[in-house]
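Novice: What follows is each chain in one-letter form.
Number of protein chains: 4
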Amino acid sequence: MSFNTFGHMFRVTTFGESHGVALGCVVDGCPPRLPLTAEDIQLDLDRRRPGQSRFTTQRQEPDQVKILSGVMDDAAGRQVTTGTPIALMIENTDQRSKDYSDIKDKYRPGHADFTYEAKYGIRDYRGGGRSSARETAARVAAGAVARKVIPDITVRAALVQMGPHKIDRANWDWAEVARNPFFCPDKAKAEFYAEYLDDIRKNGSSIGAVVEVVAEGVPAGLGAPIYGKLDSDLASALMSINAVKGVEIGAGFGAAELHGEDNADEMRMGNTGPVFLSNHAGGILGGISTGQAVVARFAVKPTSSILTPRRTIDRSGAETDILTKGRHDPCVGIRAVPVGEAMVACVLADHLLRHRGQNAG
Amino acid sequence: MSFNTFGHMFRVTTFGESHGVALGCVVDGCPPRLPLTAEDIQLDLDRRRPGQSRFTTQRQEPDQVKILSGVMDDAAGRQVTTGTPIALMIENTDQRSKDYSDIKDKYRPGHADFTYEAKYGIRDYRGGGRSSARETAARVAAGAVARKVIPDITVRAALVQMGPHKIDRANWDWAEVARNPFFCPDKAKAEFYAEYLDDIRKNGSSIGAVVEVVAEGVPAGLGAPIYGKLDSDLASALMSINAVKGVEIGAGFGAAELHGEDNADEMRMGNTGPVFLSNHAGGILGGISTGQAVVARFAVKPTSSILTPRRTIDRSGAETDILTKGRHDPCVGIRAVPVGEAMVACVLADHLLRHRGQNAG
Amino acid sequence: MSFNTFGHMFRVTTFGESHGVALGCVVDGCPPRLPLTAEDIQLDLDRRRPGQSRFTTQRQEPDQVKILSGVMDDAAGRQVTTGTPIALMIENTDQRSKDYSDIKDKYRPGHADFTYEAKYGIRDYRGGGRSSARETAARVAAGAVARKVIPDITVRAALVQMGPHKIDRANWDWAEVARNPFFCPDKAKAEFYAEYLDDIRKNGSSIGAVVEVVAEGVPAGLGAPIYGKLDSDLASALMSINAVKGVEIGAGFGAAELHGEDNADEMRMGNTGPVFLSNHAGGILGGISTGQAVVARFAVKPTSSILTPRRTIDRSGAETDILTKGRHDPCVGIRAVPVGEAMVACVLADHLLRHRGQNAG
Amino acid sequence: MSFNTFGHMFRVTTFGESHGVALGCVVDGCPPRLPLTAEDIQLDLDRRRPGQSRFTTQRQEPDQVKILSGVMDDAAGRQVTTGTPIALMIENTDQRSKDYSDIKDKYRPGHADFTYEAKYGIRDYRGGGRSSARETAARVAAGAVARKVIPDITVRAALVQMGPHKIDRANWDWAEVARNPFFCPDKAKAEFYAEYLDDIRKNGSSIGAVVEVVAEGVPAGLGAPIYGKLDSDLASALMSINAVKGVEIGAGFGAAELHGEDNADEMRMGNTGPVFLSNHAGGILGGISTGQAVVARFAVKPTSSILTPRRTIDRSGAETDILTKGRHDPCVGIRAVPVGEAMVACVLADHLLRHRGQNAG
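Residue numbers (our numbering), protein chains in the order written: chain X, 40 to 400; chain P, 40 to 400; chain U, 40 to 400; chain A, 40 to 400.
Just so you know, these hints were derived from the structure itself, not from any lab.
The reader is advised that the hints may include incorrect statements.
Note that the list lumps identical chains together, so a pair holds whenever it fits in one copy or between two copies.
Quick list of in silico lysine to aspartate or glutamate cross-link-like pairs, EDC-like style, CA-CA up to 20 angstroms [unchecked claim]:
1. K241 to E300
2. K364 to E305
3. K226 to E300
4. K105 to E130
5. K205 to E296
6. K143 to D113
7. K364 to E234
8. K145 to D112
9. K145 to E300
10. K143 to D207
11. K143 to E305
12. K205 to E358
13. K205 to E230
14. K205 to D353
15. K364 to D301
16. K145 to D113
17. K143 to D112
Chain X extracted, bound-state conformation:
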């Protein structure tokens, strides 16, 4: 992963900050002749868009994507990829200059304000600049293209924990995910979250969450034994999402507590090939996919934009307090769900092409 490019064969380069003219990405290396329209991409973008319930920020961003290049109509009149770079752009429609005078010289605790300035000697105080969660729209757009590259793989994600409250896995129902504002697969827990998060929101506080991504239909053989491990690339991709502080595969940190005989997934022969009797591995052994579902989980910290005053310093070094007024996400983990899907889709598309390049002969 370079500064702003990730992937090797399926490569995504993103650009844009919260208050520039536009944000977007260039997807390079996409195979040709795949059907792709702006509507395909918009579907995924709409799932990520804020302001769809009282549990996400009330900002209104239409997030309409435009395909600038890399597609054309084929002989049958379908718009398809050409194999050349696909540039996607989302204009920032609401970049009016809000009054940032109360925060522009203060470092918000938990935000990148201080580190951004330490790095670049300049700070983009307008909505966090490049560090803004708005940038994740570009990832989701790229992920929609990635899905076209892996049509036989289903990548879905769900929120499985909010604060200390985990879902009951016995209740897991993928259909529920689309029915509640939390992308939660456990209907009962979703109802609990509604009340729980309302309290947090009203208090001007925020809370962390855990998101789980599951990719089904991944063929055995993607990845590499050591450095180009599929899990290594997933870890990088998911950790690169704003506010993520941890990533795990399969049993993850839980594997630290297991004995060898409990952790290793036994094998039997099924009707159509080898089957595993459990999936502690999360679909990846020795960096290479097993053919089981690939399961990754990531922890999202609570947003630091809260109403409670916090101690900080300003650019001159003077000590001061700060609080963040206005719209915010009480649980940014919610909107990270489609973002996690997108990143996993991109990694799998990349590994599919890499594997094919090395091994298709």
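Starting from the structure of chain X, add chains P, U and A where the hints point.
Specialist: Structure of chains P, U and A alone, referenced to chain X:
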């Protein structure tokens, strides 16, 4: 991270498998005129070497490193780097053809046997081939070079959990790490682990662990806001270590349970600059180092080479049982401690050079 | 150089084809706090724009660049780079669907029509798609950013040969380059070219050319001894320009005819340091800049869009004839002059940052 | 191309200098199950080895290659690639410390002595260090592996010009290449070169040369329209060879002198598909292979190690003279022939895998 190369400016390419002639790495992009001898590297390698206590595999691998290129004597007679590729080689002295007939056609549960063959159509059954933990010697060697690039940064690691048993952080004493065979900073817990792991070892079982890496002296400003995030590269690097199933930074998965006002680290002015009142961020905000200690943790699964028979299949698809006789590591997490240090050192060296390239002007 | 990205620290990713919505590029890794406006970039773009004399294609493309991201006003009110990706977009204003029915199923000799389809299984017949020379606008835009990174280096280019007619180097005057439509530094030869090319143009023919790029002020030390050689990266960058068939450095192919005593540039001490008594090396020895002017030359083939019918086949394999009616460039080498400058500027910016990363310590 | 790595899917990282312990390379991304032995590689190395005639340096370097990793015996007992990194090592057997006292503080004109020190602040005076032509052995070894990846492509090279004396192309006979010490395909010209070069050698002088590489059997479709152009990667690869100052494809610099109707290769239908009536394109149109032979040419400057004293300065800045006593290559272009083949083979192998990755679906 490419198939077998990682880093951008400080780039490491590794090679070798458990039963080849040799393993090693090429370190490219290392700054010139840094003092470097084989002895410097050997010190780190010796910490990783097996067979130093009854708690690690009893294999005897001297793991003597040779510097093949990239150094010369300077005018003062010191051996220094030249700025050109540093090739490091460790010969496999004990590659006699052990009898693998009982496992060469069976897939060991929890090992990469099945996935390796699914990928390459061939399986290196001799000690796991490229998937062998022996490969981590190359990482440790590269890490020793990386330390020369970041002389003001101290990178240390410790085992902080074995099975479900976490250390008592109040007891943390870095000096203890060198005094017990577990790299454990909590003297009391190390004594407990000795008994605990002896039982596991005698039962032919194995157990997972959690390792924590702490880098002190990291200047503020390393990393990037989004894709070249310092934490993203750390996640990739640590997840690429054999048997690792999870990575977290700072509060990590614990951050999911926190409210915003508890998670964000407040700031005050200290004598020599800004100070943070806590370090939930693990020294990284918005992908960029804060100047606090960088803190990463990773979970290591229990080795799957155990004495209990497990159900599996063989290459012909027939169902069978397998057990792994002979020497093994009851807790591979122990030897992962110096490996984790090495990977973090490499990532920090790379980011220091990248930062300097973009921002030193 | 990846499919559509080049550079390591100063990285450029381009997108767009002749008949898409827009073309442009993302410049990643640019240092922060460099003054940069759209006007700065437009100046270079305007030099490349077609339709400015009767010697270039009469298409009208305003080629107005927009900066989509990566800049903001600093405290002094100047627009500066932020260190994050700079996305540049040029909209295709004139993408009306011209009638391509006479050529859409035929492969134009000397064009990429046949190879494009052989590769992607689809052909973008609308103006050549990604292979269109229009794409070079993105390079020129990136080059304008690169110039900001290397303010002490002057990169200039000139047309030094058209067909078999070379300039007289004794007449070289950089000021002339801006005064004639050929970017020719030899006033007398420019007058000759005007007549010569008029004949070619009226005959519906075309002619090749050679362009020379000279970079002055390059500090000694950029590049690397072997694979990251400065000349190797220049060769790649210049050969990647449409229609280029050859690249040489310094004495170039002429060096093949020289004896060692004539080719090696002798050294003396000057007032401010070492000086070379000649520059057969073209400012690069062993892949590393010497401090002399870096001199590169590239050959541009004649455009294949000509009025003379040529034998070819169509997509069905039937033999046929083709001729290209309408506007064309009788000597595409002319407009390659600012493109060559841009590519050299990008390579030098990249190597400056890479050198600083490895060696600034 | 990174500092010391080139290729994307088929990636080669080289290491080593003339007076280190060893030199070699790591080949990453090679497909599995390809037969590969040290003998296969040695055949190519032996063609490059010095001391085989009076026309190359009289140094004796056995250049025996060892395969350190990445191969194993398959079920049929053949040694094959495993898909993991192939490390190749050539030990420097004759690294005795020759007396360099007369040149170690002087910069040899035409050599990298001055630039090396300007870059790294240290100079490897022992045989040129990393800049030594000895490094090309690693390229040849990598090229031998590359050939296994492209078994249907024949890559051959020949010396086509020495000093101002070009071969007569009417006499081209590939069989001649192995019969004379110049790799010259024109028997009559080879006889002329023998006398011509003997004079140069006896005078302690040296002369430049041009080498042509021809790859037959390249399928149409390798490359990309713009930045990942096949010719762009060839230019980079060939220009990275020591002493190369120019690269051209097909008609090359000659294309600058042609009219459009002469340069564009017309097409007809042959028995097995499209045929071209000429090959000015050198097998590449729009960056993508046409299916014709790929033809590249590169110019090699005369070595600067000559017996005539030349003016130079020393490290203290004092003006002085220098001459290079002892063994040298009167025409280093000769030994560049197998090196050119190797680089082209590596580029083609890389592009084959990249193409397959993107387009095999």
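Novice: Could you run down the list of hints and mark each one as holding or not?
Specialist: Here is how each hint holds up against the structure:
1. K241 to E300: Cα proximity of K241 and E300: across copies only (14 angstroms, versus 48 angstroms in one copy).
2. K364 to E305: between (54 angstroms within a copy, 18 angstroms between copies)
3. K226 to E300: Intra 34 angstroms, inter 29 angstroms, cutoff 20 angstroms: neither.
4. K105 to E130: both (9 angstroms within a copy, 12 angstroms between copies)
5. K205 to E296: So K205 and E296 pass the 20 angstroms test inside a copy (19 angstroms) and across (10 angstroms) alike.
6. K143 to D113: Between. Shortest inter-copy distance 12 angstroms satisfies the 20 angstroms Cα cut-off; intra-copy 50 angstroms does not.
7. K364 to E234: neither (22 angstroms within a copy, 55 angstroms between copies)
8. K145 to D112: Intra 51 angstroms, inter 18 angstroms, cutoff 20 angstroms: inter-copy only.
9. K145 to E300: Close across copies (17 angstroms), not inside one copy (53 angstroms); limit 20 angstroms.
10. K143 to D207: neither (43 angstroms within a copy, 41 angstroms between copies)
11. K143 to E305: Intra 57 angstroms, inter 17 angstroms, cutoff 20 angstroms: inter-copy only.
12. K205 to E358: neither (38 angstroms within a copy, 37 angstroms between copies)
13. K205 to E230: Within one copy only: 13 angstroms inside, 34 angstroms across.
14. K205 to D353: Classified as neither; 38 angstroms inside a copy, 39 angstroms across copies.
15. K364 to D301: between (49 angstroms within a copy, 18 angstroms between copies)
16. K145 to D113: Close across copies (16 angstroms), not inside one copy (54 angstroms); limit 20 angstroms.
17. K143 to D112: between (47 angstroms within a copy, 13 angstroms between copies)
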